[in-house]
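Enquirer: Below, each chain spelled out in residue letters.
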Amino acid sequence: MGAVIELENITKVFRVLNRHAGLRGTFTDLFSRDYKNLVAVDHVSMSIEEGEMVGYLGPNGAGKSTTIKIMTGILEPTEGKLLVNGRVPYANRTLNAQNIGVVFGQRSQLWWSLPVIESFRILKEMYCIPDKVYKNNMEMFDELVGVSELYNKPVRQMSLGQRTLCDILASFLHDPSVVFLDEPTIGLDVSMKSKIRELISVLNREKKTTVVLTTHDMGDVEALCRRIMIIDHGKLIYDNNIQQLKQFFGSYRTLKILSAGNVSFSEADLAKYGRQLLALCPETRNVVFGSDEEWLTVLVPEDEISLIKVLDHMQTLIPFKDVRIEEITTESVIRKIYEGNCDAKPTLEA
Amino acid sequence: MENRTKKLPFRRYFSITRAGILEMAMFRSSRVIDFVGNMVYMIVVYFLWRAIYASTHTVSVNGMTFIQTLIYLTLAGAIFSTLNNYLVWKMGHDIQSGQISLFFTKPMDFYLREFFYSLGNVATQLVLTFIPTFLVVSILSGWALPMGVNLLIFLPAIFMSLVISFSIDFIVGTICLYSQSIWGINMMKEVIILLLSGATIPLAFFPEAFRNVLMFLPFQAIYNVPLMVLVSNTYTWIDYARALGVQAFWMVILVAGARLFFRSSSRVITVNGG
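Which chain is which? The protein sequence lines are A and B, in order.
Here the numbering used here is used: position 158 in the first sequence is 158, and no number is missing along the way.
Counting the second sequence from 1 gives a position; the numbering used here is that position plus 350.
The hints are simulated quantities; they were obtained by calculation from the structure and are not laboratory data.
Each hint should be verified, as a subset may be incorrect.
[Stated by the list, open to error] Derived DEER-like restraints, expressed as beta-carbon distance ranges: (1) V621(B) / S291(A): 45 to 51 Å; (2) S113(A) / A591(B): 38 to 44 Å; (3) R24(A) / P496(B): 57 to 63 Å; (4) R617(B) / G86(A): 23 to 29 Å; (5) S113(A) / A606(B): 28 to 34 Å; (6) I603(B) / D29(A): 30 to 36 Å; (7) T11(A) / A591(B): 35 to 41 Å; (8) N434(B) / K235(A): 47 to 53 Å; (9) M376(B) / D322(A): 58 to 64 Å; (10) D292(A) / N434(B): 32 to 38 Å; (11) N434(B) / T94(A): 41 to 47 Å; (12) D29(A) / H443(B): 19 to 25 Å.
Positions of the beta carbon are idealized from the N, C-alpha and C atoms, including for glycine.
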């Protein structure tokens with residue numbers, strides 16, 4: 001098993017115009033030479049093995065999409081070496097394109113006004129997919145998600161979920177060795193999300209396709225990936241397996257409470273609730289209280305105490321008006337990594 | 351795996367042409383409206399030019415009779431709606447929205463892909479708009495159009511018109527990478543082509559000095575050349591050969607120009623992002 005994707009010190013610097021506001025500003029920009037350099041990707045190195053499913057995480061503007069664009073051959077890196085399937089993507093764009101599949105969650109590669117089956121037929125011709133491979137793949141797709149009833153529906157009449165489903169299938173149709181999925185579950189409801197996760201996971205397993213998945217939905221990553229890379233401000237800050245990451249915060253959830261009476265919580269209030277909760281359930285010392293506008297936030301380590309139990313106790317302390325439970329976000333994961341004590345690089349045996 | 355890395359055959363582009371035909375045919379009412387629009391245009395042209403001819407008191411002006419002018423301009427309108435493929439709009443939109451980067455992840459040449467798509471559009475328009483207009487014009491003019499070898503020569507001529515007008519559109523579309531304006535640039539292109547190609551006023555009506563200059567520009571190869579092939583009663587084999595030769599010349603230059611320009615411009619995308 002060799003590395004399918006190898007990046008070595010990849011850096012991408014964009015030269016962007018310092019834009020000015022207004023009609024006049026826009027007009028003077030036409031002749032402006034006032035550029036600044038923007039480092040989108042900063043010395044990123046990685047190696048992805050055949051058949052791996054890698055989650056590539058980061059907040060908006062962290063450099064995820066830029067990295068994907070470099071790997072797919074759309075962008076040329078400013079510095080550094082990379083190989084995808086043993087080729088330099090931007091130098092052999094057409095050749096590289098034959099062995100990769102790409103889905104950008106916000107865009108569609110399907111033909112907008114045509115029935116979706118026509119898009120599949122065009123892809124068959126475009127990649128010169130042999131009849132037998134095409135037939136087998138179409139049968140497999142139908143078995144997995146039952147798409148055959150969608151075949152005659154024009155893409156423009158599809159729901160976002162149906163379209164995303166078809167887009168993902170389209171990217172796997174020519175048996176590429178790598179598929180890049182850029183935010184495939186963006187804007188989808190929960191049931192569609194899980195359907196798409198299931199589909200990606202089966203395709204990765206059955207076809208041994210390497211999948212690089214960018215997202216800022218922690219749920220996607222937990223459901224799909226064993227390995228995670230996190231990028232922030234262009235730098236790769238974490239590259240290790242998911243268990244490692246989960247040890248530190250996977251078990252945390254945030255309980256948010258809107259009080260019926262009190263609307264602002266002082267430090268003293270927070271400390272008071274901390275003491276009161278500790279008195280009620282002495283088994284945990286790691287519940288952290290905070291406030292977010294008028295909400296009282298309680299970070300609950302679920303391996304020590306169940307969220308329901310905390311909720312139960314809190315009810316005796318504060319009259320509730322509203323309650324919310326939030327999963328940990330990518331942003332708080334990144335904050336945790338910066339705070340340290342999380343092993344960001346794989347140990348030798350990993 | 352091995353067979354995947356070799357060069358893919360050219361015929362895969364025909365699947366794009368097929369899609370172009372399907373997409374055009376998908377919007378049935380649009381095709382009817384295109385045809386009706388051409389008929390309305392013919393009526394306008396009829397009254398306008400009848401007035402012009404009435405004021406001259408001669409049968410032919412600048413070597414063209416009223417009927418010939420009417421046929422020429424109506425068919426120019428029909429060719430306009432046949433060749434009009436909104437390529438500049440499409441490219442401009444793809445560039446502004448970043449959709450163009452998706453095409454870079456496909457194993458296809460962008461110019462050829464867009465060309466074969468246009469070919470599908472044009473073929474459909476030719477059958478659904480141009481031919482009906484042509485038949486109506488023939489009947490109304492009392493079969494004044496020559497019906498012989500000119501019809502056969504017209505086919506390669508209109509094909510080359512397509513390549514030339516497509517390449518000009520492609521060059522203008524590529525300018526959108528730099529300009530960010532689509533409407534203005536498209537408008538400019540449209541006005542220049544319609545005036546200088548003879549699509550709004552037959553070139554025979556231009557002052558001779560100006561006409562001689564226009565003959566050295568590519569625009570007349572889009573409308574004037576195929577139209578003269580179609581409507582002229584006096585063309586000889588030499589005239590036909592010269593007409594096709596002029597078109598072939600411009601075709602080669604503009605295809606090369608469009609491809610080179612796009613190749614150097616696509617660095618704007620690969621270096622600065624889609």
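Enquirer: Determine for every hint whether it applies to the structure shown.
Expert: Each hint, compared with the structure:
1. V621(B) / S291(A): 45 to 51 Å: holds (47 Å)
2. S113(A) / A591(B): 38 to 44 Å: holds (41 Å)
3. R24(A) / P496(B): 57 to 63 Å: Because 59 Å falls inside the window, the suggested range holds.
4. R617(B) / G86(A): 23 to 29 Å: Given about 24 Å between the Cβ atoms, the range holds.
5. S113(A) / A606(B): 28 to 34 Å: Given a distance of about 33 Å, which is inside 28 to 34 Å, the answer is holds.
6. I603(B) / D29(A): 30 to 36 Å: holds (34 Å)
7. T11(A) / A591(B): 35 to 41 Å: 58 Å Cβ-Cβ, so the 35 to 41 Å window is violated.
8. N434(B) / K235(A): 47 to 53 Å: holds (50 Å)
9. M376(B) / D322(A): 58 to 64 Å: violated (49 Å)
10. D292(A) / N434(B): 32 to 38 Å: violated (56 Å)
11. N434(B) / T94(A): 41 to 47 Å: The hinted range 41 to 47 Å is violated for N434(B) and T94(A), with Cβ atoms some 30 Å apart.
12. D29(A) / H443(B): 19 to 25 Å: holds (22 Å)
Going through the hint list in order, the structure does not satisfy hints 7, 9, 10, 11.
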